[in-house]
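Student: Here the structure of chain A is known, so what remains is to put chain B in place on it, guided by the hints.
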Amino acid sequence: MSTRRPIFRHPDLPKNDLGHTRKDYEGADSTLCAGCGHDSITNAIIQACFELSIPPHGVVKMSGIGCSSKTPAYFLGKSHGFNSVHGRMPSIATGANMANRDLVYIGVSGDGDTASIGMGQFAHVVRRNLNMTYIVMNNGCYGLTKGQDSATADRGSSSRKGHPNPFEAIDLCALAIQLGAGYVARGFSGDKEQLIPLLKGALQHNGFALVDVISPCVTFNNTATSTKSYQWVRDHMEATGTIDFIPPRHEITACYEPGITQNVTMHDGGIIQLCKDDDTVDITSRRSALDALEHHREKGHLLTGLFHASDQEEEETHTILKTTAKSLNSLAEEQLCPGNSILEKILDDYR
Amino acid sequence: MIKIKSVNDFVIRFANVNGSGSASANNLFAKAVFRLGVPVSPKNIFPSNIQGLPTWYEVRVNDQGHLGRRGGYDFIVAINNRTLKKDYDALESGGYFLYDSTRALDDNFDRNDIILVPIPLTEICNREIESPKLRQLLKNIVYVGAVAYLLDMDLSVLKDSITRQFSKKPKLAEPNINALDLGFDYAAQHFKGLCELSIEPCDRLTNHIMIDGNTATGLGALYGGATVAGWYPITPSTSVVDAFDKFTRRYRLDEEGKCRAAIIQAEDELAALGIAIGAGWNGARAFTATSGPGLSLMSEFLGLAYFAEIPVVLVDVQRTGPSTGMPTRSQQSDILAAAYASHGDTRHVLLFPGNPNECFEMTAQSFDLAERLQTPVIIMSDLDLGMNDHVCTPMQWDDGRTFDRGKVLDHDQLEAMTEKFGRYLDKDGDGICYRTYPAAHPTKGSYFTRGSSHDEYAAYTEDEQAYKRCMLRLTRKWETAKSLVPKPHTEINDDTTAWGAVFFGTTTQSAQEAFERLADRGIVINTLRIRSFPFQDEVADFINRHQTTFVIEQNRDGQMRSLIINECGINPDRLVPITNIDSMPVTAGHIIQAMEQTIDSSKAPATKPDRGEER
Chain A
1 MSTRRPIFRH PDLPKNDLGH TRKDYEGADS TLCAGCGHDS ITNAIIQACF
51 ELSIPPHGVV KMSGIGCSSK TPAYFLGKSH GFNSVHGRMP SIATGANMAN
101 RDLVYIGVSG DGDTASIGMG QFAHVVRRNL NMTYIVMNNG CYGLTKGQDS
151 ATADRGSSSR KGHPNPFEAI DLCALAIQLG AGYVARGFSG DKEQLIPLLK
201 GALQHNGFAL VDVISPCVTF NNTATSTKSY QWVRDHMEAT GTIDFIPPRH
251 EITACYEPGI TQNVTMHDGG IIQLCKDDDT VDITSRRSAL DALEHHREKG
301 HLLTGLFHAS DQEEEETHTI LKTTAKSLNS LAEEQLCPGN SILEKILDDY
351 R
Chain B
1 MIKIKSVNDF VIRFANVNGS GSASANNLFA KAVFRLGVPV SPKNIFPSNI
51 QGLPTWYEVR VNDQGHLGRR GGYDFIVAIN NRTLKKDYDA LESGGYFLYD
101 STRALDDNFD RNDIILVPIP LTEICNREIE SPKLRQLLKN IVYVGAVAYL
151 LDMDLSVLKD SITRQFSKKP KLAEPNINAL DLGFDYAAQH FKGLCELSIE
201 PCDRLTNHIM IDGNTATGLG ALYGGATVAG WYPITPSTSV VDAFDKFTRR
251 YRLDEEGKCR AAIIQAEDEL AALGIAIGAG WNGARAFTAT SGPGLSLMSE
301 FLGLAYFAEI PVVLVDVQRT GPSTGMPTRS QQSDILAAAY ASHGDTRHVL
351 LFPGNPNECF EMTAQSFDLA ERLQTPVIIM SDLDLGMNDH VCTPMQWDDG
401 RTFDRGKVLD HDQLEAMTEK FGRYLDKDGD GICYRTYPAA HPTKGSYFTR
451 GSSHDEYAAY TEDEQAYKRC MLRLTRKWET AKSLVPKPHT EINDDTTAWG
501 AVFFGTTTQS AQEAFERLAD RGIVINTLRI RSFPFQDEVA DFINRHQTTF
551 VIEQNRDGQM RSLIINECGI NPDRLVPITN IDSMPVTAGH IIQAMEQTID
601 SSKAPATKPD RGEER
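Heads up: the protein sequence lines correspond to chains A and B, in order. Position 60 (the first sequence) corresponds to 60 in the working numbering; numbering is contiguous. Position 53 (the second sequence) corresponds to 53 in the working numbering; numbering is contiguous.
Just chain A, same shape as in the assembly (with noise of 0.2 Å):
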């Protein structure tokens, strides 16, 4: 089953800052299944990106291996994509964000993807804080091999398969903010009001920046004593808060819903703005983004929402290397080789 876009678009459709409709970010047609909750997230990131004017060709599209994993081809298709092996996108995209820095770099995995096989590189892409946004499509199962339970399938619940799971399940939230992530939020495939500003908070953080994504399995793990289904979220979720992320230079507009605003502000000037109904959450403390998650988790509540976004100027990889402003694709020869009269000076040594 595969999901055609309409070949005909109105032609005044909105333009973005840089002049191009939402059209401009679209990629190829997606071959998921019908009402994949993937589907709806490749959506919400096209958005972003149009949303905040990023060039349609200025994103680099990292993935693993898996159902998440394929998405990259349905959206930016002006963008390069790189489809790597199980579990080591992390480390692809640490290489090509080296060798340019200048670029966006979006990294989707899955929850097997992720919390399974790759487990050390995401741990470790984290520690590095590299400068991307890394989304899990996380559906708790393996769907490309017909639905086994993954790492973050809650314990108790039970797939199609009917067994319940008996292991414990990991959140790469919590496990996340341990590692220092400096942008770690949880999303819902079936809300994109809330997705969307979650996605260009994450795409404007300068580091590392999380955003799990609960995504329903329709064909494998969409049954009534699942806690990763449709109905179940809708029924257990708990926000945060409403989040909206105001660009640079725009005006911030007033908590539109009452509760208590909490504005970070990122490091381009942009500012991400929580409207919360609990004003004891402050997301730019790791602990009380731990202890939230915690709280919610024992009540048997899904948390989402924009879990921590730091407020220290973060190191990124580049940053902590120390290597220099331009691209390091983009080098001269003379800038890389030093010529022959230094290699003497060098062999100098070993005489």
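Hints were generated in silico from the structure; no laboratory data involved. Treat each hint with caution, since some may be false.
To be verified - Computed beta-carbon distance windows for the label pairs:
#, chain 1, residue 1, chain 2, residue 2, range
1, B, T324, A, D268, 46 to 54 Å
2, B, H190, A, R351, 29 to 37 Å
3, A, N340, B, E255, 17 to 25 Å
4, B, E130, A, R351, 31 to 39 Å
5, B, R127, A, R351, 31 to 39 Å
6, B, R469, A, D291, 56 to 64 Å
7, B, R250, A, A325, 15 to 23 Å
8, B, N544, A, S330, 44 to 52 Å
9, B, T324, A, E168, 28 to 36 Å
10, A, M119, B, E491, 47 to 55 Å
11, A, R351, B, T475, 44 to 52 Å
12, A, M119, B, N544, 51 to 59 Å
13, A, D291, B, S167, 52 to 60 Å
Everything numeric in this text was worked out from a predicted model, so none of it was measured. Note that the Cβ used here is the ideal one computed from N, Cα and C, for glycine as well.
Tutor: This is chain B only, laid out in the frame that chain A set:
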């Protein structure tokens, strides 16, 4: 008893405890021999351990320039009590045994065919050196001073070396020089005329350098324009990246002191190669360095880079396998694992450096090859080459040389294109397609890289014909590679001899010594040194012109022989394996013995009668 007597031709072995500072003292000695113009080859035989286990440092001095391992020891400096007896027993008859006589030798040290050189090293150090911390370190320098006297060496060369070594901390030079004098003076007072081994300055080495292969490899990566390195620590490859790091800090800084290279210590070897592949894909010259266990882990990614056609350089400094094997011993045993790394039909370009000069040259060249061929290039070094110092001719860089960045379409070329860009379209018929870097053009040239089956436009395909076209094009590219990789070095010494020999890498020194000695006995052998894979026609032609060809290598199973049989379609009977698996660098003696066995049992005339000169 006949003392071993020789000028500039002997082997001296230092037996120490690792972590005691002996390595730099022993290196000081080897460097001094080198600076006297005498060909020298030190080999560090060290444990996989940081402190407390036995370690040996073997130095072969040979003014004929034979610098492979010889085997046998003419002079032993025995500083390690735990191996004292073993070292004592290992000494050649008529050899010299220098030991710390602060403690007397046990009664079972009862050889009467060797010369004892007792020096109370500990006692001297305790008496003469105030700082207890320095005593241990300087004890090593004291014995070097004594050895210098015994071998008639010019002490000023050693002192000069120390001064150079501590040029930034001259205060440290003084106690070292004093220690050198202590040893020298003691030996002068007690052992005048005792030792008949000596080192005389000679002019065999003119412009030569003494450098380890890993440093030369790191230097090659600097000159080859590498900007990204992903790596994971593993003996014996670690010093490749250390060297690259050191050179980039000096020669790759921009005006603000920021580095024009990114070196990332990864979480494992998988990630290390992944980082290099990601960078290579995005247009940076990138590499990783590892050894056998890392190569095994990297197989998955090598398959991806082969199939998705991404340039990347991998330096494999081979060690003794299988599994963890002997991490600090040398071997040439990753040949097949590297050549065919990864599942499915894969083949990788291999380069086989034989000395540090080639480590430099081939590493620099490997980036050109990887980008031209859009595929992994693996440099097959080994521990002996990588971690030991070798005397070689100095590297040179032609300032007119430019990097070959391969077939890459830039913005203007894409702009001018009228047809649709196809990442895997073989437009030139050489199997190599055009690639683009991300963000090269706003609307043209983007593609989706994948390790899954893809068509000419990089789209996923399960069309069997498209898959087949892709795989067959890769074999076409393999043919193209043959015209680009370094050619073998062939020496035809006799048009009519029945014997050929094929070897590569660190086997070279000992093999050449063996051939010279066999020629002295009237056995003439033509030789071919493999320098790369895929094999050019020269390899099969060489083998086919001889009745029998020896394949000399340092592993158990004759991996290079298997590769030749498989790739060149050679009848296995024509290839006689000569292998060395004692985890020590192969000796000329071992090669000669194995070759003579075959030659003697053969009825074929080995030589033309008028050429041989029997001894």
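Student: Which numbered conditions among the earlier hints are violated in the structure presented, ordered from lowest to highest?
Tutor: Going through the list in order, the structure violates no hint and respects every one.
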